[in-house]
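S.K.: What follows is each chain in one-letter form.
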Amino acid sequence: MQRRDFIQLSGLGIGSLFTAGVPVFGNNVSADYLFDASGWGAGVDAAAKKKLADVALNTAKSQGATYTDVRIGRYLQQYLFTRETKVQNIVNAESYGIGIRVIANGTWGFAATSDVTPDAIARCAKTAVSIAKANSRLQTEPVQLAPQKGVGEVTWKTPIQKNAFQIPVSEKIDLLMKVNGEAMRNGAAFVTSNLFFINEQKYFASTDGSYIDQDIHRIWPTFTVSAVDRAAGKFKTRDAISSPMGMGYEYLDGLASEKIKAPNGLVGYRYSYDMVEDATLAAKQAKEKLTAKSVQPGKYDLVLDPNHLGLTIHESVGHPTELDRVLGYEANYAGTSFATLDKWKSKTFNYGSKLVNIVADKTQPNTLGTVGYDDEGVPCKEWDLIKDGILVNYQAIRDQAAILGEKESNGCCYADNWSTVQFQRMPNVSLKPGAEKRSVFDMIKGVDKGIYIIGRGSYSIDQQRYNFQFGGQLFYEIKNGEIVGMLDDVAYQSNTQEFWNSCAQLCDKDDYRTFGSFFDGKGQPSQVSAVSHGSATTRFNGVNVINTGRKI
Amino acid sequence: MSILTKDEAKKIIDKALSYAKADETSVNLSGGRTGNIRYARNAVSTSGEGTNLSMSITAVFGKRAGTATLNEFDDASIEKTVRRAEEVARLAPENPEYVPMLGPQTYLPADPYSENTAKIDPDFRAKATFNSLDPCRKKNLTAAGYMEDSTRFTAIGNTKGLTAYNRETSVEFSITVRTADGTGSGYATRDVTDVSKLSTKDATEIAMQKAMASTNARALEPGKYTVILEPAALLSNVDASLMAAMMNGLDARNAEEGRSFMSKKGGTTRLGDKLFDERVTIYSDPTNLEVPAAAFGGGGGGGRFGGGGSDGRPQEKITWIEKGVVKNLSYSRYWAEKKGVKAVPPPANFIMEGGTQSLADMIKSTEKGILVTRFWYIRTVDPQTLLYTGLTRDGTFYIENGQIKFPVKNFRFNESPVIMLNNLEALGKPVRMGGNLIPPMKIRDFTFTSLSDAV
Numbered sequence: 001m002q003r004r005d006f007i008q009l010s011g012l013g014i015g016s017l018f019t020a021g022v023p024v025f026g027n028n029v030s031a032d033y034l035f036d037a038s039g040w041g042a043g044v045d046a047a048a049k050k051k052l053a054d055v056a057l058n059t060a061k062s063q064g065a066t067y068t069d070v071r072i073g074r075y076l077q078q079y080l081f082t083r084e085t086k087v088q089n090i091v092n093a094e095s096y097g098i099g100i101r102v103i104a105n106g107t108w109g110f111a112a113t114s115d116v117t118p119d120a121i122a123r124c125a126k127t128a129v130s131i132a133k134a135n136s137r138l139q140t141e142p143v144q145l146a147p148q149k150g151v152g153e154v155t156w157k158t159p160i161q162k163n164a165f166q167i168p169v170s171e172k173i174d175l176l177m178k179v180n181g182e183a184m185r186n187g188a189a190f191v192t193s194n195l196f197f198i199n200e201q202k203y204f205a206s207t208d209g210s211y212i213d214q215d216i217h218r219i220w221p222t223f224t225v226s227a228v229d230r231a232a233g234k235f236k237t238r239d240a241i242s243s244p245m246g247m248g249y250e251y252l253d254g255l256a257s258e259k260i261k262a263p264n265g266l267v268g269y270r271y272s273y274d275m276v277e278d279a280t281l282a283a284k285q286a287k288e289k290l291t292a293k294s295v296q297p298g299k300y301d302l303v304l305d306p307n308h309l310g311l312t313i314h315e316s317v318g319h320p321t322e323l324d325r326v327l328g329y330e331a332n333y334a335g336t337s338f339a340t341l342d343k344w345k346s347k348t349f350n351y352g353s354k355l356v357n358i359v360a361d362k363t364q365p366n367t368l369g370t371v372g373y374d375d376e377g378v379p380c381k382e383w384d385l386i387k388d389g390i391l392v393n394y395q396a397i398r399d400q401a402a403i404l405g406e407k408e409s410n411g412c413c414y415a416d417n418w419s420t421v422q423f424q425r426m427p428n429v430s431l432k433p434g435a436e437k438r439s440v441f442d443m444i445k446g447v448d449k450g451i452y453i454i455g456r457g458s459y460s461i462d463q464q465r466y467n468f469q470f471g472g473q474l475f476y477e478i479k480n481g482e483i484v485g486m487l488d489d490v491a492y493q494s495n496t497q498e499f500w501n502s503c504a505q506l507c508d509k510d511d512y513r514t515f516g517s518f519f520d521g522k523g524q525p526s527q528v529s530a531v532s533h534g535s536a537t538t539r540f541n542g543v544n545v546i547n548t549g550r551k552i
Numbered sequence: 001m002s003i004l005t006k007d008e009a010k011k012i013i014d015k016a017l018s019y020a021k022a023d024e025t026s027v028n029l030s031g032g033r034t035g036n037i038r039y040a041r042n043a044v045s046t047s048g049e050g051t052n053l054s055m056s057i058t059a060v061f062g063k064r065a066g067t068a069t070l071n072e073f074d075d076a077s078i079e080k081t082v083r084r085a086e087e088v089a090r091l092a093p094e095n096p097e098y099v100p101m102l103g104p105q106t107y108l109p110a111d112p113y114s115e116n117t118a119k120i121d122p123d124f125r126a127k128a129t130f131n132s133l134d135p136c137r138k139k140n141l142t143a144a145g146y147m148e149d150s151t152r153f154t155a156i157g158n159t160k161g162l163t164a165y166n167r168e169t170s171v172e173f174s175i176t177v178r179t180a181d182g183t184g185s186g187y188a189t190r191d192v193t194d195v196s197k198l199s200t201k202d203a204t205e206i207a208m209q210k211a212m213a214s215t216n217a218r219a220l221e222p223g224k225y226t227v228i229l230e231p232a233a234l235l236s237n238v239d240a241s242l243m244a245a246m247m248n249g250l251d252a253r254n255a256e257e258g259r260s261f262m263s264k265k266g267g268t269t270r271l272g273d274k275l276f277d278e279r280v281t282i283y284s285d286p287t288n289l290e291v292p293a294a295a296f297g298g299g300g301g302g303g304r305f306g307g308g309g310s311d312g313r314p315q316e317k318i319t320w321i322e323k324g325v326v327k328n329l330s331y332s333r334y335w336a337e338k339k340g341v342k343a344v345p346p347p348a349n350f351i352m353e354g355g356t357q358s359l360a361d362m363i364k365s366t367e368k369g370i371l372v373t374r375f376w377y378i379r380t381v382d383p384q385t386l387l388y389t390g391l392t393r394d395g396t397f398y399i400e401n402g403q404i405k406f407p408v409k410n411f412r413f414n415e416s417p418v419i420m421l422n423n424l425e426a427l428g429k430p431v432r433m434g435g436n437l438i439p440p441m442k443i444r445d446f447t448f449t450s451l452s453d454a455v
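Same order as they appear, the protein sequences are chains A and B.
Residue numbering for the first sequence follows full-length UniProt numbering, starting at 1 and increasing by one per position.
Residue numbering for the second sequence follows full-length UniProt numbering, starting at 1 and increasing by one per position.
Careful, some of the hints might be misleading.
Quick look at which bits of chain B chain A covers, simulated, 3 or more residues with Cβ under 8 Å [as the list claims (entries may be wrong)]:
(1) 89-99
(2) 161-174
(3) 288-294
(4) 317-326
(5) 331-345
(6) 407-420
(7) 446-455
Straight-line alpha carbon distances no greater than 27 Å define the calculated DSSO-like cross-link-like pairs of lysine-lysine that follow [as the list claims (entries may be wrong)]:
(8) A:202 to A:61
(9) A:293 to B:224
(10) B:63 to A:86
Bear in mind the hints are in silico, worked out from the structure with no lab data behind them.
Just so it is clear, CB atoms sit at the ideal spot from N, CA and C, and this is done for glycine as well.
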């Protein structure tokens, strides 16, 4: 098992991760080393990987496995951390190895090794089979694996324009220093900024006859700006409203064509992010928050920006429709789900209002979930989770399809490293935009008493995903169709079904963009995954808002 | 062999340091073995074991530092890695906050290691799991649990003459038991240094009782209640928690920069202020036999609160809060030097003083209140006041006239540990939780803001 470190840093807007840290896999290496042709995994071409994979497939079979899959992975990470005028840390990490999963005696077994040589692979395959056989004594039902026709020798690459790993570190530091400088010039007392880049080079082979070579890229630029009023003993922060993306460095081009205009000088970013502009706005807004009016608790109509709503979708639709949670596999950690099989079977469970159409996919361009094939060799696709407000499906992988009476997997199996075992992970889960033409300006005009919320803030939901509470980065009071000023101390509390049934209006496809979670945690030992959630700005009527201000 | 002895480790570290040409060089050698077994729906779902041994070498020129890592230990590989660290250091941006490495230090005689834990094998894990599964199967209850054991060491050394070694073992176990119809759920968690002190059966039986007793929960109106918070509700291995939030917030720099709950009007801090009830006393001590911790920070020897970093600062017995008064804040070495104070590292463990009452005694002395097994999905709402939100989970009960009357539906809370530790009614006998000692607490006016249907 590889070393897995956590970088502990304060002031980071870290996603749904339970610990306040950033996971790092593998060994620290120099930036240049990541492209060194002599790097552990770099020089190994698909033909050589096929030979190594076949060692595992053949050994496992000879030991009695009835199914085997092999993942040879090289995982690259580059993380940059800065505060004000200083570079705090630059992490360049590489992790290379092989994970072998088998079914023997109707039971899963898994083993992994960083020693990617034929002898070590054969030993590892034997270990996987022996673990399967040992655990089969405790099992009551054999694994039922949905069939998957082999796809032969194929490749898939994230269609990036600029490989972030080939951009010089100095250029990245220059950008972050500019971000920090503009934030400070515009009134920030403190600022931290970060860039995260991930490249997964994954080779998958299985006894179904698939040999899949994939090259996957992800990027996340983010920052936190703090404003401080020392005399009053007060401080406020504003995090970036960027989104992590399944893109290359081109996401940071800041193209005007990808900016979506919103009220009060706010800007939404679609497939291109202007980090310096956002930091400038953030500093001004953090200062404004110091004197913003404290919210009067009560019922409000909420106008939720996609950069905020994404997390609500993630928590209240994404997680409860994970079939492993529904079945009880996560009962001791993340929990189970209110979206039980009987509700799905009834075909009448009103998850939301008729406007609510939520799809799962691993195919949307530029998103975190998008790949060609999942980590058990299933081609990726799109499917409905909620159709016209009704719960119609779940997120299922090959060993779960039979439970739903399905003949194939949805293709959403993932492992965060070669050393970890793949399991069901959330695909992109997105709310479809409305068919009627409508901008956020149009939507706000129709609201008498409301709050416009932008950005991800505090978030918490129970272990079956009924009761939630969400904050945000920016809150604006809406009165009689107009924004009248900034609010503070806002959080809304609701119940998942009640909330989605209060969904009253949607903006159209021109307002649609994705939010993302870069380090979503699940499983024991915990694994991370990255997932996007698309939506247009959406209105929810009569939601309970509380005031979170306190004195200590 | 992934657990090296002090002498074996020192030999490798000295070899690496003998190749060093930078102004300063430090070496961190760590390794160990972790094993785990996970079960759900009354059957094992995953199980694994892995070992690692790796060394990281940091070279420093002036204020430029570079790090390189290796996991092969022949002389040529070691020398190559030292050179690589030096190359990286020359290319690195200057860190204006760099503080030169420490020389030799004196450490307390801590040894958080148990041979019983180091000897755990797959058969032991299977047996421990059977002891938890079997009683659940017999009562038609559904078990989901996880056990992870770890045996590891960390050794550090540098060209200034600092040398340190720690070996450490730990086992964490958690179990959630649900009734077959899903209307009741109970939880228990344990962590130990010495696995002979862990009974998966005993912990499972508590979770079973809670599961069976929590069916048909009644709804109470949200509002302010007297609560008895069990230790697992105050501190968690797998989530944020009220007590960890407070202990993690005792950082001097954030406080002095005006962006912490420890910051005060006018730009000063609350250091020296009486911020909590006078019964609140919290200290750290790596030599405590119930919660032993490394005598220095960093790597495999570091505590879950960050330890002292890999800089080799000693972990000492230190009081953070005494009779409600904030006595100490932790410092980075840079900030301490700038302020001209001692560089107190963040702690590797903490011990909160309590009373002698058991949980049962605390329930007996409660007229009206709510017993909370644990909280879940705990997140910061306002860092200024340390306001947190989260929900009760896996066993929440109404107490009246000293007796548990009936299970209640789960609540969402919005509360600050600062307010909570002012509204203190009683403290029970401290128990180990996540490598720390923490007493169950009775708190008045704890704020529940809404109800949840979750079981």
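S.K.: May I ask which of the numbered hints given earlier this structure violates, with the numbers listed in increasing order?
M.R.: 2, 3, 4 and 5
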